[in-house]
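Line order of the protein sequences matches chains A and B. In this text, residue positions in the first sequence follow the numbering used here: the first is 11, and each later residue adds one. In this text, residue positions in the second sequence follow the numbering used here: the first is 8, and each later residue adds one.
Please note that a few of the clues may not be correct.
As the list claims (entries may be wrong) - Chain A regions said to be covered by chain B (calculated; three or more residues, Cβ under 8 Å): (1) 51-60; (2) 65-74; (3) 84-94.
Worth flagging that the hints you see were computed from the coordinates, not collected in a lab. The structure presented is a predicted model; accordingly, all values stated were derived computationally and were not measured. Where a beta carbon is used, it is the ideal one built from N, C-alpha and C, also for glycine.
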Amino acid sequence: MTRTRIISPTRFPSLKSQRCGSGGDASFMEQLLLHCATAIDSNDAALAHQLLWVLNNIASPDGDSSTQRLTSAFVRALLSRAVSKIPTLFSTFGNTVFQPPADEIHRFSVVELAGFIDLTPWHRFGFIAANEAILTAVEGYAKVHIVDLSLTHCMQIPTLIDAIATKLNKPLLLKLTVVSSASNFPPFINISYEELGSKLVNFATSRNIEMQFTIIPSTYSDGFSSLLQHLRMYPTSYNEALVVNCHMMLRYIPDKTLTPSSPSSLSLRNVFLNQLRSLNPTMVSLIEEDADLTSDNLVTRLRSAFNYFWIPFDTTDTFMSEQRRLYEAEISWKIENVVAKEGVERVERTETKGRWLERMRDNEFGGVRVREEAVSELKAMLGEHAVGWGMKKDDDDESLVLTWKGHSVVFATVWVPI
Amino acid sequence: MKRDLHQFQGPPDTRFPNHETANTGSSSKDKMMKVKEEEDGGNMDELLAVLGYKVRSSEMAEVALKLEQLETMMGNVQEDGLSNLATDTVHYNPSELYSWLDNMLTEFNPPPPEINNSFLAGAGGSDYDLKAIPGNAIYARSNQFAIDSSSSSNQAGTTVTTTTTESTRSMVLVDSQENGVRLVHALMACAEAIQNNDLSIAEALVKQIGFLAVSQAGAMRKVATYFAEALARRIYRLSPPQTQIDHSLSDTLQMHFYETCPYLKFAHFTANQAILEAFEGKKRVHVIDFSMNQGLQWPALMQALALREGGPPVFRLTGIGPPAADNSDHLHEVGCKLAQLAEAIHVEFEYRGFVANSLADLDASMLELRPSEIEAVAVNSVFELHKLLGRTGGIEKVLGVVKQIKPVIFTVVEQESNHNGPVFLDRFTESLHYYSTLFDSLEGVPSSQDKVMSEVYLGKQICNLVACEGPDRVERHETLSQWANRFGTSGFAPAHLGSNAFKQASMLLALFNGGEGYSVEENNGCLMLGWHTRPLITTSAWKLLAAH
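Excised from the complex, chain B in its bound form (with noise of 0.2 Å):
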């Protein structure tokens, strides 16, 4: 299958000089570029030939993403002239790489979720001078071309394991812990060598990356492909497929991280918390829903009005999200479904959906508020206040509005962590960390359609973090410090989540896994969420100071 990647900016980059010409000795990759060649002799794009084939146009893969990094490693395969620099080279088995494309050329299949499985061993070397690689490296997609461990030499110490995947392919892999070291170090080193701008450098660490994230097993290896990915993009200045489409996309990959993870559901939990006891007594409510969403946060808190002592109140809800691709009012959608649950449990219910590409473009008018005395407002945030960040004065203005919504409670929930910093590598450091942890704390969950999906929503955070700029770069997370600071100066105060709070997330994380590795910290007022030590997500909650 060939993919059009015209579809991918980018100006052709000085940097790599011209394949054709760069080709050195007898090698596969002469034989590939031939067999190429035979294919069709239509145009080749300059990043094309970095790449290694030629596509066409009219075939889109559907599954950009994952394509593309099989491509990122692919790239390895076509080896240039340029990386003279890195020490540490490792060779594959030319003839059983070349049937291996060969295989891909002439057939190809939709990879699977499980991507990480097909990564081919990178090969750096300045002079394509193949060896057979120490110990066993590669392995194949398909059942036809399962590697033979044995013709490979062994070098002592590492360890071999063959394992057999769910759709019966064969496997080798080589774990050892000294390159899950090197791995993190290779890491580390390509982020700064982005840093200092030495591209060549960058791109050579992050062929190598691919074949040492291979050697990893569990979280490690999905992270680091995550990561090696969103480096090349970067490097390779291939920005992610733009997010218009990926709303819809994105919603359902919500999902399922709903599903698989307690994180989400800690966050509706607290929140909900929050808003419950700052609608006591109050007859007319109305929750303003920033993370509209799929609406998953809110069957439980109205329930709950339903039931609460005194009966519930007039319930009115206004949901806030992102236009959908094919126009559709999912919006609207979600909002019937509420309506018929508020219908069945004897609730009054209210509904206004608001599609905006940004919160930034809302203004307090268009929210048809009421008197505060008639109506108490509760402002909810789940995940969305950081995208703000990225344009200047979004947050400000955003906040402003809250200001003048006159909110009872406001209920932020944001990823615990500095994601924004001005230095790339700095934020490379704390991601890096972050979703390590992350993924650590996926690793107890049984292997599902939920977790691997919850996976690519976690990739797709790490891709936008580490491959985008400016605008673009949407997922800047920032510290509980950091948005007390700026809530603060904004005029707002901290609302203490109480001991409910608490007791209620401890206890619904007793379910997860037994609650075996979670931990819920309480940090002035804040509840946070964390996997062992290391606090994930938080919830606080705001409210006004009188004076503003």
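With the rest of the complex left out, here is chain A (with noise of 0.2 Å):
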């Protein structure tokens, strides 16, 4: 007689301590979500089919609480991920449920772009802790030559220029570079590259700066090195100062996850940062995620990520509907990315500060503590956010770190050759 056989219950998570209200705690959706990425990596269908049917049910896109939603942008990646690992295209579906988040991602016009920006300090951290090194560090020099590697489309810029401008001893020139590549992922704004710097010159020429703006066709999946390779070609003359303003875009650059065969040193972000050393550059920001999203492991990966982009939703589930469905749909973006792409797909691989630092000290670069100046306009800017944004300086190294109710969010570094 066959012995009857049912879907072992110590394969449901078995969920701990408290049970609340809200559509449930971030640990049990955590857990769910977790199992439910082993389920799908190993195929198990009819597990992965029960656990998404009850996540599904617990954690709606337009759920009241944060984790929810977060949850829910979660399950729409692990579904993506299941989905593709079926040779098949899948026909589209109820047009209801199952849209991949990139279709629905916003374009914003510039004006647009500069006020989603200014929603938070998540971008505005780095741009003033950037903007006041940049500002101490060019001081005296007849031209300042910017390379803006940066996510947010030159959105620090026009700050930068104000700030120049109502310098006593402003530089005879100011050149702008930027690289052409920082438009596959978000925020996607809704004018070229060249219409861009067309409304960044006017504004500079407004307020008498005389500035340059140049595109440089290079891209990150090759360590920038086109970019690198036209600096090289055009050192900087006498009296000039190179600033490079990494403002989260290095962690788009390849690194030994990527290509695990390849020998330890011949990580890209390093070629990258040695390249960058060479140039001699008068100073170098960087600004970064803090978190690890680079594990080839999907379950170590969905869990570093899921305890982290909590906080973004967290952060906006105050802000009213319309902004935080477009601030959610970034971020899922980036859940989709993390979660269900594999390989070259796979984009986002932000590392931890700690890791950064190593980076920027193996390449003969050392930090450079930010002025008092700089912590006191930081502390006013966070000032005008929410009460759970709070920042923190790290005596052993020199960075700058955002905050989110106690946990660590962006940080800020400054570098120059040594």
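Take the two lone chains, each set in its own frame, and fit them into one complex as the hints suggest.
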């Protein structure tokens, strides 16, 4: 007689301790997501189905709590992963359920983007810290060349231009160089970089600053080698400051976890930093998110992602629904990228602060403490936002860290060649 | 290996003339008869005479199902004088057949699940006039008898493909569209003949079907095979092995079906969605499951209840199922496992299992119902209600009991097709279309144990609905509108399944083969899962009309 077989209850996650209202605790959601990820990756379709059904019921994309919405974003990402494991294309299903987040991503106008970025300190923190350092670093130079490797399409620059314009010893020329591949991930803008450049130049002109805007076709996928080559071809001239501002862009450069077979010294990130160092820049600012999303193991990665991306969901929880939806869409894009994509498609390979600091020091950069004026400006800025925002100074390593309810969010560091 | 055919009832059928005397001409059949007579001089059941060999009662085949198929087809080998009616006769190469049979008799191997590989070409023809086959037709079950395709003359127009199965048997198939059409016609004609009680014509046709089925590939072949077997059983009055033994087998088969394709999962998830929503805000809930089986439906619901806003309710489950053959309390086992789960997820859980031969044996008083202000009840039935339609008063009794239970929701999942019409031919036609679609949907699934068992699961349903009658015929599927009528007149009103159920279904289907081919449709608040445009399974939910 065949023994009766039942989906073993031990395969269902056992959830400890308290229950709470409002759609369930984050730790329950996390556990279910992790179990679901394991089930999907081990092709356990029946368990995956059951968990997805449960998750779909307890986590709605329009749910009341940010935890629900966060979980819902992860569920959609897991689904996307599960579906992509199946070679046949999936038919467009109930347009109700299944939209790859990328389709929904909004294209901002420049003004909209500026407003969007100003909603939280997420980027403003790095902008202020970097701009302060830049102003200090370029003091006395006749020409200032800024290479802006930024996720935010030069949103940092207008403030910088304003600040430069008010200085007594204005530089004669401001050169701004950007790369053209910065538009493969959100936020997306609805104009070309040429147009963006001309707007910035006009703005600078209105402040009586002469500005040149250059776009270099270069991509993160090869460590911006064309950019570096260009910079080598046109070395900084006498009395010209070279500032490289890396604002949440370097994480897209492939690292060891993308090509584990290559020898460790060949990490493209290290190559980039090494070549950058050889250009002897006046200053490098490095602003990144403090999380580890590089693991090859889906479950590990998902756990790290869940324990990081709850933060942006939480920070915008009290926003008006339209703005919140936009924000969450951007984050959902990242979540999907981290969870559902593999190989070169998975571009979001954020590393921790510790790791980046190690890289910088390995490549002969030394950290520079940000001035007190910067710190007070940052504090003032944080005061304009919700109460949960804070910052801390790490005395060990001269970094400034933006925090939300005590959790590290973004770190800002300034470097000079040593 | 010999088989004991005495287990099959069926009076000696006078339609079949006594074969021993109907031998015509020198033929391999004569040779075979001699072989068998040499082997033993035991008694020959008249049925055995039809099928052509002797058996010992001491040897019971464990794979009765498959063996019967085989023997039906083998019956084609024994040509008798009665099928002078088939105009399209196909003949086989006699010498190869002889050696195949010889091998069969001396060294029987249990047939593997892909039994349809071992079909023998059927033979018709009044006088056993053997000619060379048009095209290539036979293939053997073992390597030693690999048929050389060049040995038969080729007729123009047929394509020949040679394939090697996993067990390295070589097989020669003839695949032609024409045969597919002929196959369907033969099936329909056979059913019609049965309908008109022209059993000799039916018999001839069933043999043809066997041969034609071989020429098809994939779903069509499997479906035709199962229907042919069922038709043969109906003709020869061989009923399938009785159902008592089968409950554990059918539970197991249903598990495989659950894993292979989305239909059962769809049923569970949509029913659970309705139940979850109906239980909103209730502190104590009770689910009465008419289709307990392995309890596959409940872990997900329990988990969702565990995590719902406001915390889980106290969850009581009453599972109803048929008795197990070995008297083991399998319902109890299932309950224990669910209890373990409940403990792991911190849901207060109570369980009771009820064994009943039929749902109609139930009474509300047995169920220990508590007042409805205290405990909200849901009644759930997946593929069980149609079984009641074979006995008078069955469904009425059960619906009466459900009403006494006063559930907040009554979830019903049934096959979406009318296989219960009064006219055999209509039932046959409907089910042929239905199961063809169902098997088609399985074609995309990679071959596996699960898939094969799923096909057996469906094959048993086919067998029951074609070959059985009266109370034995339990697979009496009906359509949603028929059920809706019945529920309506019994005092139930439809409870619309919300958009959540639709979304869940769509999402989960995306995970099956990319959702390619499957479709979810909403029909009057009920959800139907189908293959391409044909709905196959319907989930509906019902509540009591206030007045009743």
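Status of the hints after comparison with the structure:
no. : hint  : result
1   : 51-60 : holds (count 5)
2   : 65-74 : holds (count 3)
3   : 84-94 : holds (count 3)
Every hint, counting from the list given before, is met by this structure.
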